[in-house]
Amino acid sequence: MADIETLNTTAAGIDAVSQRLGDGPSGPKPRPTLSARNIMLYGTLTVAALYYLLPLYVMVVTSLKGMPEIRLGNIFSPPMEITFEPWVKAWAEACTGLNCDGLSRGFWNSVRITVPSVIISIAIASVNGYALANWRFKGSELFFSILIIGAFIPYQVMIYPIVIILREIGIYGTLTGLVIVHSIFGMPILTLLFRNYFVSLPEELFKAARVDGAGFWQIFLKIMMPMSLPIFVVAMILQVTGIWNDFLFGVVFTRPDTYPMTVQLNNIVNSVQGVKEYNVNMAATILTGLVPLIVYFVSGRLFVRGIAAGAVKG
Amino acid sequence: MTGQAQAGRPNKLLRNLNAKIASIPMILTALVIFVGGTFWTVFYSFTNSKLLPRLSFVGFDQYHRLWAAPRWVTAIENLALYGVLSLIFSLVIGFVLAALMDQKIRFENTFRTIFLYPFALSFIVTGLVWQWVLNPDFGVQSVVRSLGWTSFTFNPLYTPEIVIYGILIAALWQGTGLVMCLMLAGLRGIDEDIWKAARVDGIPMWKTYLLVVIPMMRPVFITTIVIIASGIVKVYDLVVAQTSGGPGISSEVPAKYVYDYMFQAQNLGQGFAASTMMLVTVAIIIVPWAYLEFGGGRKRG
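Just so you know, the sequences run in chain order A and B.
So for the first sequence, our numbering puts the first residue at 1; every next one is plus one.
So for the second sequence, our numbering puts the first residue at 315; every next one is plus one.
Hint data in this document are derived by calculation from the structure and do not stem from the laboratory.
Note that this is a predicted model, so its numbers are computed, not measured.
Hints are supplied without guarantee of correctness; some may be wrong.
[Stated by the list, open to error] If you want the footprint, here are the derived chain B segments under chain A, 3+ residues with CB under 8 Å:
id : stretch
1  : 410-423
2  : 444-453
3  : 473-482
4  : 487-496
5  : 590-599
We put the beta carbon where it would ideally sit given N, CA and C, even for glycine.
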């Protein structure tokens with residue numbers, strides 16, 4: 001189980017960072033602002049920051065230009081005439097295969113996939129983590145170990161058997177099937193997250209509740225859940241961004257009319273026919289990235305915690 | 315730990331029943347999907363399944379065919395090159411950024427937000443953006459040319475020899491923020507006194523990092539390496555979005571080979587054999603790590 005502990009250490013470290021980040025400037029008296037060292041330091045960081053921001057800038061700028069302007073200039077030049085037409089087209093008119101209703105279809109598919117997947121996977125994993133932390137039974141740790149090791153196995157190894165299982169049940173190609181797949185593959189990391197959290201809660205709470213005669217579900221619903229709101233939020237961030245960004249499962253387990261947004265985006269941009277409309281492509285790309293970006297900017301520090309815990313998901 | 319079995323003997327199976335019921339999804343997933351699915355795939359990789367899986371065994375034929383296929387060999391070479399480079403560069407860039415961020419700087423939050431935001435984006439989005447930035451007619455190449463350097467050539471995505479570097483650039487852009495965060499957490503976990511002691515002894519800063527701090531961060535490095543490495547083996551979406559494996563087969567990767575043979579070329583046996591090789595690769599990464607972590611006794615900085 002030491003792999004889990006390593007993760008714990010990291011997560012604890014990240015927490016420590018988050019705490020310190022919250023305190024604002026700290027430490028010894030600031031040195032004079034314009035020292036050579038500071039110029040180097042901020043210079044390097046600023047150059048790096050510009051590099052990381054550049055693609056975002058290019059995306060936004062391109063999506064606001066008309067095609068003639070794109071052909072004339074370069075990707076960095078700001079638009080002379082701002083137009084939102086590419087955005088409208090990307091959302092409502094761009095074609096994938098026979099469908100010409102833009103990304104909107106994929107967007108709603110993604111919503112229909114993400115919402116139930118997030119709810120189901122968190123529900124299962126939280127109860128699971130609770131059972132593993134407080135109600136261990138013979139073999140529970142073994143199954144958990146298998147689950148965690150399983151998280152490292154490339155999905156490609158397990159994909160085909162799942163296709164067969166889903167086909168046998170008759171839900172291959174449906175959104176339900178994909179929701180089940182996301183719930184399954186979200187399980188290792190979420191269970192780990194919840195288990196570690198519940199283990200960290202004071203034992204006395206649990207014992208007192210038991211003495212008072214509360215059972216398995218009662219303790220979970222009335223004591224554990226209300227106490228663990230932050231971890232639920234972290235799990236939600238992790239799952240929303242992870243499932244929204246998924247491509248492989250989407251392309252394997254759905255059909256064209258149930259494609260999630262990422263798959264549809266790739267099909268729009270990388271379609272071979274017709275003139276490449278770079279502005280529409282970039283608008284489509286931004287639209288697809290918007291949901292995880294909003295989650296990222298809104299959740300701030302919680303996102304860092306989430307990805308630290310979820311990074312193993314790859 | 316806490317709720318562990320009280321003294322009650324009667325009927326072992328029924329004891330703790332609710333916990334068992336609650337664990338059914340986990341048990342099913344662990345056994346059916348992770349264990350069952352993996353064995354199923356490995357098992358069928360020894361058959362000559364084509365359109366449908368079928369049980370006619372051909373021994374190691376699929377593997378012979380796999381390693382004789384130029385496409386697979388290219389995929390493995392790409393993975394090796396991409397893997398080694400992305401491991402080195404992510405660690406170096408991630409660590410340097412983290413070390414800079416650790417200098418009690420102002421606007422730390424802003425910088426961190428900027429470095430990390432690409433990680434929130436999917437590989438598809440990342441791939442498509444970089445496909446655009448690296449576009450030879452409009453992107454970096456044309457910009458530099460328009461500055462007067464007309465012979466400048468930087469066209470990785472359409473040049474078979476260097477296409478993998480084009481993918482690497484996008485991968486680093488997406489992933490280094492995470493490495494930076496992990497490293498920063500590691501640096502913050504190091505005792506302030508170490509720095510004071512080093513300063514008193516007059517050891518230069520870079521030397522303190524190299525000889526004292528990095529060795530102390532061993533657990534963080536190992537975790538980070540495992541995280542990066544298991545991501546490398548799975549790399550798929552990025553290649554699909556950026557190049558679709560092209561030009562030709564020059565940016566092929568194993569994960570894409572598996573997908574193409576299972577779902578496009580209807581050659582399941584090849585797909586199974588290739589995915590089994592991916593499994594072996596992961597095992598090669600995980601086993602030494604597990605050995606390092608638990609084998610030679612607990613050594614923690």
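Hints, one by one, checked against the model:
1. 410-423: With 9 residues in contact (Cβ-Cβ under 8 Å with chain A), the coverage given for the stretch 410-423 of chain B holds.
2. 444-453: holds (count 7)
3. 473-482: violated (count 0)
4. 487-496: Result for this restraint: holds, n = 5.
5. 590-599: holds (count 4)
Of the numbered hints stated above, the single one contradicted by the structure is hint 3.
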